[in-house]
Amino acid sequence: MILSSIPGGEVARRLRGDGLSLRLGPFTAAIRSPIASVAEGIAALYADNETLEEPGFRDFHLSVDASGGLRRWVRRQCRFDFDGASPFKPLPVAHALPILEWGLNWCIASNAHRYLIIHAAAIERGGRVAILPGEPGAGKSTLCAGLVGSGGWRLLSDELSLIDMATGRFIPLARPISLKKESIEIIRGFVPDAVLSRETHDTTKGRVALVKATADSVRRAGETAAAGWIIFPRFVPGAPPILERQSKAAAFIELATNAFNYSIHGKRGFTVVADVVETCECYRFTYCSLDDAVQVFASLALTR
Amino acid sequence: MALIRHPEQARALDSVGWDVTIRQARAAGLLARLYGLLTARGLLDAVPEAPRRHLHEADVVARKHARDVRWEVVCIRRALAGVVDRVLLLKGAAYLLADLAPARGRVFNDIDILVPREMLQDVENALQIGGWVFGKLDPADNEYYRRWMHQIPPMTHVARQTAVDVHHTLVPLTARPRLDPQSLRDSARPVPGEAAIDVLAPEDMVLHSAVHLFNEGEFGRGLRDLCDLDLLLRHFAAALGFWERLAARAVALDLTRPLFYLLRHAARLLETPVPAELLASPLGRPAAPVLALMDALLGQALRPSHASCRDGMTGVALFLLYVRSHYLRMPLRLLLPHLLRKAYTRRFQDE
Chain A
-2 MILSSIPGGE VARRLRGDGL SLRLGPFTAA IRSPIASVAE GIAALYADNE
48 TLEEPGFRDF HLSVDASGGL RRWVRRQCRF DFDGASPFKP LPVAHALPIL
98 EWGLNWCIAS NAHRYLIIHA AAIERGGRVA ILPGEPGAGK STLCAGLVGS
148 GGWRLLSDEL SLIDMATGRF IPLARPISLK KESIEIIRGF VPDAVLSRET
198 HDTTKGRVAL VKATADSVRR AGETAAAGWI IFPRFVPGAP PILERQSKAA
248 AFIELATNAF NYSIHGKRGF TVVADVVETC ECYRFTYCSL DDAVQVFASL
298 ALTR
Chain B
201 MALIRHPEQA RALDSVGWDV TIRQARAAGL LARLYGLLTA RGLLDAVPEA
251 PRRHLHEADV VARKHARDVR WEVVCIRRAL AGVVDRVLLL KGAAYLLADL
301 APARGRVFND IDILVPREML QDVENALQIG GWVFGKLDPA DNEYYRRWMH
351 QIPPMTHVAR QTAVDVHHTL VPLTARPRLD PQSLRDSARP VPGEAAIDVL
401 APEDMVLHSA VHLFNEGEFG RGLRDLCDLD LLLRHFAAAL GFWERLAARA
451 VALDLTRPLF YLLRHAARLL ETPVPAELLA SPLGRPAAPV LALMDALLGQ
501 ALRPSHASCR DGMTGVALFL LYVRSHYLRM PLRLLLPHLL RKAYTRRFQD
551 E
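Residue numbers (my numbering), protein chains in the order written: chain A, -2 to 301; chain B, 201 to 551.
If you're looking for bench data, these hints aren't it; they were derived computationally from the structure. Model, not experiment: these values are computed from the prediction. Honestly, I wouldn't trust all of these hints.
Said to hold, decoys possible - Derived lysine-lysine pairs resembling DSS-like cross-links, with alpha carbons at most 25 Å apart:
(1) B/K264 x A/K202
(2) A/K177 x A/K202
(3) A/K264 x B/K336
(4) A/K202 x A/K178
(5) A/K245 x A/K264
(6) A/K178 x A/K86
Unchecked claim - Chain B stretches covered by chain A per the calculated footprint, using a threshold of three residues with CB under 8 Å from any CB of chain A:
(7) 218 to 230
(8) 257 to 266
(9) 463 to 474
Glycine included, every Cβ here is placed at the ideal spot set by N, Cα and C.
Excised from the complex, chain A in its bound form (with noise of 0.2 Å):
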């Protein structure tokens, strides 16, 4: 079943119960939270993901509780966890919903070793992934949304770009964008029929929101794509579109500092990245408005 086809008082229930299966990807999890907002922001966000009816084996099983005792009274907090492991303290229950989202990408990048992951954005388009890695502020994220929301790309992820260890191929795993600050309005702006979540005010990364997968992203979740292009993105306000080439050195060794799990593999872990730094046009990019960037990117996909 697609989740936005049962009603939303069954998704809370089920939320409250035993739990909500959905398939992210090539992940399974069950999740459970009794909180109004988890509850509603799943309901919006992973609407064109598929559930699972049946009992049966789940990846990840994963809850945000309320508090209880004095807590439940005073300053709500909530609290992550994934079978007794947590690698948040109790925050305010308003922050359920990233919390969620955050603990699920935690669950994923310390445990998914089937696949190197890197902390980067991934894209596709003519079946070719450009991968945006970036430091917090670079705008990563914000070209990732205008990209995929208005520019004609694919969504494989936003936080975490999976790549198979075994065929050196990106896994989609497409689930919602996380933007800050003005990037939320910037967002609203330019891709109109963007579905947001609710803003959440004062986390540990200031104000955000996140944006829904498009449909098309989700549907074609089992659509692997070969590397094509490593692009690190810098937002500079006023700056004009720069697009320069990066040495393959350098994006090796940033591509590597920015991956989760690359230790983790060893030798292994430096062959894969080897292997798709090898096939990749490896690019610095400058921009300050998405409209030079949906350009750029559009003439970059003719290019393979």
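Based on the hints, put chain B in the right spot on chain A.
This is chain B only, laid out in the frame that chain A set:
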């Protein structure tokens, strides 16, 4: 749980069964171990693809961990060259370097070494020069370690963030069992193929792990530790006369009680092939009411630490075992003034 004992039951598990199994094994730190067991018996193909991936991923992490530990041991040996002739490894690192069965698929946090007490200061200095530092520690805790404990405070390497625990004996100085660390070092064995690395003799290795599991009061990974001991015992039992030597050594080191609990619970939970006469012997056996209570408590504590294995009594049992561990660690004449002083200083500071 049953799967660790009888891996062939893997064939009978459906996908719901695998769902619970993977979750429990992850919480107990036994995923990589399970991978090893299933691989060794050629049963991995019987596991459906989705859970099989998780087993495989745990194995990838365990292999990486083993590489790191080997390198860390090299670093420690280099740092201590000129201070001690040989480095005596304990617990996880010892299993790994000596290539013992429990090393396979085991992930542990720190490297434990045993040095003569009179060498402590030199070892500490050499490690500090090598880049290992003490974490933040208030003076009272530091004093507690130095005066009463069997190890100095843990040291962490500034660059690699790896931890080393330097021990000078195996049990706290104030603890009920008293043992002579010199005799442990005298019986230590060199690790074949490794320069200047020793591990404890088989019997001492088992007894150390037993005292660690049953007297320290932390059972978060209790089941995994018991599985380690099960593998060690099965491995060493192949040598003629092992069980007799083990019993005699327990008497000599005053560790018959932890050995008793180990053999009883390993045989009960993991079907460790302990000779029947040893299981039935009065060696280390507590009085009947104590035995009944400890059976109940340990029965609770040695479950996987996963919600699906807990019930209302688990927390109580863990708390009582924790209290017991403190009682074993310090006689009341030391524990009471210690607690009073702590309570008093805290109050004084508040004002």
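Outcome of the hint check:
1. This hinted pair does not check out: B/K264 and A/K202 have alpha carbons roughly 32 Å apart, beyond 25 Å.
2. With a C-alpha separation of about 7 Å, the suggested pairing of A/K177 with A/K202 holds against the 25 Å cut-off.
3. Simply put, A/K264 and B/K336 have alpha-carbon atoms about 36 Å apart, too far for the 25 Å limit, and the pair is violated.
4. Between the alpha carbons of A/K202 and A/K178 the distance comes to roughly 9 Å, so the proposed pair stays at or under 25 Å and holds.
5. For a cut-off of 25 Å, the pair hint linking A/K245 to A/K264 stands: about 19 Å separates their Cα positions.
6. Between A/K178 and A/K86 the alpha-carbon distance is near 23 Å, which keeps this suggested pair within the 25 Å criterion.
7. Counting residues of the segment 218 to 230 of chain B whose CB lies closer than 8 Å to any CB of chain A gives 6, so the stated coverage by that chain holds, three being the minimum.
8. Counting residues of the segment 257 to 266 of chain B whose CB lies closer than 8 Å to any CB of chain A gives 5, which reaches the minimum of 3, so the coverage claim holds.
9. Interface restraint, the segment 463 to 474 of chain B with chain A: violated (0 residues with C-beta to C-beta distance below 8 Å; minimum three).
Violated hints for the displayed structure, listed by number in ascending order: 1, 3 and 9.
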